[in-house]
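**Q** Heads up: the sequence lines are chains A and B, in that order. Numbering of the first sequence is given in the working numbering, commencing with residue 1 and proceeding in unit increments. Numbering of the second sequence is given in the working numbering, commencing with residue 1 and proceeding in unit increments.
Hint data in this document are derived by calculation from the structure and do not stem from the laboratory. Source: prediction; values computed, not measured. Heads up, the beta-carbon is just placed ideally off N, CA and C, and yes, glycines get one too. A portion of the hints provided could be inaccurate.
As the list claims (entries may be wrong) - Mimicking EDC-like on lysine to aspartate or glutamate, the simulated pairs with C-alpha atoms at most 16 Å apart in a straight line are:
1) B/K392 / A/E236
2) B/K509 / B/E444
3) B/K338 / B/E226
4) B/K509 / B/E382
5) B/K339 / A/E226
6) A/K196 / A/D225
7) B/K339 / B/E402
8) A/K90 / A/E168
9) A/K68 / B/D88
10) B/K348 / B/E326
11) A/K69 / B/E326
12) B/K348 / B/E321
Unchecked claim - A few chain B residues that face chain A, going by a derived Cβ cut-off under 8 Å, partial list only:
13) R91
14) D380
15) S387
16) T390
17) F531
As the list claims (entries may be wrong) - If you want a taste of the chain A side facing chain B, the calculated C-beta under 10 Å gives, among others:
18) G70
19) E138
20) L139
21) G140
Each chain, written out:
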Amino acid sequence: MTPATPGVRRTVAVLFGGRSLEHDVSVVSGLQILHALDPAQFAPVPVYIDQQTRWWVGDDLWHTSAFKKGGPDRVRLTEVSLSTGFGTSKLLPVSGGSALSGVASLGRGVSREIAVDCFVPVLHGTFGEDGCVQGLLELGGCAYVGCGVLASSVGMNKRLTKVVAAHEGVTVVPWVSCERAVLERGAEWLTELPRKVGERLGWPVIVKPCNLGSSAGVSTATGPDELISAVLKVFEYDLEALIEPFITNRLEINVAVAGLDTPVASVTEMPVTSQSSILSFSEKYKKQGSKSVGTSEGMAGALRILDPEDLPAELRATAQAYAVTVFSALGCEGISRVDFLIDADTNTLYFNEINTLPGSLAFYLWSAAPYHWTITELLARLIDRAERLRATRRGLQRKPPPDLQLLS
Amino acid sequence: MSSFWPWMPLLALAVLYLSWRRTLAYLRYFQQEGYEHLRFLKWVNVRSLTDPAFWLSVVTALIAGRWAAAGAAVFMAGAIMLGYAQPDPRRSGKIPLRLTWRAARVLVVALGFEFTAWVLLTDLFADSDLQAPLLASALVLAAFPLLIVAANACLAPYERQTQRGYEAEAVQQIADVGPLVVGITGSYGKSSAKAMLAHILQFDAPTLAATGSINTLMGLTRHIREELVRGHRYMIVEMGAFKTGSIRRLCQLTPPSAGLITAVGDMHLERFGSTDEIVKAKSELAQAIPPGGWLVVNADSPGALRIARAATHCRVLLYGETSGEELAIRIEDIRFSKKGTSFTLRTKDRAYTCFTPVLGRPIVLNLAGAFTMATALGADPEIAVASMRTLKPVSNRLEVVEERGITWIRDAYNSNQFGFRAALEVAESLPVERRFLATPGCIELGSQQFDVNRALSREAAGICDNTLVVAETNREAFVAGHRDAGREARLVVVPNRTEAFRWIAEMAKEGDAVILENDLPDLYESGAGLFWRARRSAAAPGAAA
């Protein structure tokens, strides 16, 4: 951990927005991260990725107000692209972009290229949390915080993550999956799927998109008709539907994991969402001023209970152990949040899903005991780690060895 | 010319600044009128004479007659203040100005015209020293709308050529991709039918349908160039008729293989002149369908039925609820609840029990049309029925939203009496305490406008505890309607929607319902935000997003 020479601040590009249902959540998270970076060590650059996946830089992007009413005024921004030359790690102004923006940016001095030391993707959901952007950053040989391509894309796929988790001995809820391709194979699936679900899972079931982070497209079904509708609803968002038994009497708990030299688990939290059917960790645990984060994924304005006191100690320990296990099995980096379900009738803990780029990077879970880490410290450590990892990756041999040099 | 320096360059700068601000402001409305000269000028009327900047020029010119420097100084200070006080049309209003390349071209040329006119006029009055530029400014400000129209007219040949180029590209793209084009037209319900057909067909094969109401040649061209890709099997095109021949032109751009006619009524009578003309305009879709292609028609609408009868070359399928014709799909047993609408679709040999979380009788009719078309094209009827349950309400089209105990029935995008009645019907069937209606009434009804609005007002009086009639357009008709019902006291007259929302925010309590019906374009709100900023943001709970 060698901070750069005093006085030389490293340029850190924070990526947010994105072609995703969680675009707005990402903007809020991104601005939080942007403002949390230590100004003594870093020169943060906000990079806004719009719904058309065009990248923009400009001073307006520092303020939430710029994102109201149809997004930032593009005339006041400069479009940039990542140079994919390996190791260049630069944002280049897009030439031939709007002449208006060219003229406008002259005055602001952002028409030149920006050399970036480290990227911090704060993109949730599709095209950002699923390995797409990570792939682009790999091509450029860039340092970036968080999971690599494989961990991101496997983590985005709920079915594959469960396969990996189950293989590592983590308890998961059984499932049936249904690919969108069934629509092209006649009408048999309309009877076939409900039969299979009835046999393997029983009713009611919860139906969700296999590859989406938010609660969009999720619904419950109590019978065949509702199941078909729920699956069709998923197909508006995703190519695969995941069907699981709906645990009626359930609790949700989350644990974050930070990929430091050895992965460490945070305290547990219980999100208070309308989706939890019971709230037995009752009102009394909603501590005054307990982190009420209105920006967390899919639970705007939700309350969370940090380290719920009546959560049995062994469940807590198991959740933390499982979280680290899944994090390591997928090869995650940065901060992930691992979500669990508890069947309150049987006191069984089930792994539910992993978010490899959780809302606000789940910083609220680290500011509590026992770590008391601020997001600013944590980011500095993650950036150092990302740079080290980049250097290691760069050192890997990529030149054809003599026996593969076919052309010389 | 003693006072040329430094006054003239400074005044020129002030005039340029003011011209830039005002041209932007007018441009927003010009754009909303589709750059049509007469419609825009009709809207402008004498508005440019109500511009405080015009009066500033007149008054300062008078002052300058006596004290030249004082007049010029007051003008400059005033021009900067007024320009600054004007809201930025790119960020304000229901439909902000989109500074497209075309708008930018008009802006630049208009600015050139305005400034040239000012220079020439100043020179013309040169004898009167510093009074000259101020008088010139007054005249130019009064003529702004005309100068903007002139700028657009000069650009017209260029625009036409560009548009042709784009169209040719779009035609080529359609030919390359070869999607099965389904054209949808009707006096009302076409956007909703399009959304529903797209919703059902997406589970059959990749489907492209423009979101919102893209139904003009230019909108469609752009949509095809940006969105249509190889692999799309269906393309659903909403075909709006502004005049006879406009659907024929759309059909040349996107030749339809099948057509859906949702209803033909007296909407836009003002534009067409007679019902016959409307039927003629809409039947252009039927004529464009190749022999043996599907034509799906709402048999409940007599006008649409006329088109179906005339289309002997197509395979015609009728749907409806009340029609006495022999129908391919008949709607039965419609029931509303807060959760949505349930109904039955009956074919010759089967009945499908359907539910959709969307509300209103017209929705069911459009859904039946979409179902008829989708199944005719080969979509599975079971999947079609299942998909109805996952429909989402289109925002501001009879969309029911609960907010802090108040039920908002948002129907801002509706603009016809049938939709109006459907919203009232739904409002009546929902179990709420009190019902408030806010509406400017219906427009573009020609000679029937007064009577239609009067009838709607009478019906609303029977259902709603208070009706807020917004703006002046239909105020008298609403007063008359409430008088007919003997419930004049229930009518509240408000000047604009900001005031309407203020009234509602004060009055509506938990358990009440608020119906927002037919939010008119800015054009009908007496130039709201043209010269001055609105006093308070019109954003209100339940307001159109």
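**Q** For a C-alpha distance cap of 16 Å, please report whether B/K392 and A/E236 respect it.
**A** 11 Å, holds
**Q** Keeping to a limit of 16 Å between CA atoms, is the pair of B/K348 and B/E321 held or broken?
**A** With Cα atoms ~14 Å apart, B/K348 and B/E321 stay inside 16 Å; holds.
**Q** Could you grab the alpha-carbon distance between B/K509 and B/E444 and see if it respects the 16 Å cut-off?
**A** Answer violated: B/K509 to B/E444 is near 34 Å, above 16 Å.
**Q** Could you check if A/G140 really has its C-beta closer than 10 Å to a C-beta on chain B?
**A** With a minimum Cβ separation of about 28 Å from chain B (threshold 10 Å), the hint on A/G140 is violated.
**Q** Does the closest beta carbon of chain A sit nearer than 8 Å to the beta carbon of B/R91?
**A** 6 Å, holds
**Q** Between B/K509 and B/E382, does the CA-CA distance stay at or below 16 Å?
**A** 43 Å, violated
**Q** Please work out if A/K90 and A/E168 have their alpha carbons no farther apart than 16 Å.
**A** The given pair, whose Cα atoms are some 40 Å apart, is violated under the 16 Å limit.
**Q** Quick one, are A/K69 and B/E326 close enough, alpha carbons at most 16 Å?
**A** 50 Å, violated
**Q** Could you grab the alpha-carbon distance between B/K338 and B/E226 and see if it respects the 16 Å cut-off?
**A** 38 Å, violated
**Q** With a cut-off of 10 Å, does the beta carbon of A/G70 approach a beta carbon of chain B closely enough for the hint to hold?
**A** Hint holds; A/G70 Cβ to chain B Cβ min 8 Å, cut 10 Å.
**Q** Holds or violated: is there a CB of chain A closer than 8 Å to the CB of B/D380?
**A** This interface hint holds because 5 Å falls under the 8 Å limit.
**Q** Quick check on the hint: B/T390 CB to chain A CB, less than 8 Å?
**A** 4 Å, holds
Violation of the numbered hints given earlier is confined to hints 2, 3, 4, 8, 11, 17, 19, 20 and 21; the remaining hints are satisfied by the structure.
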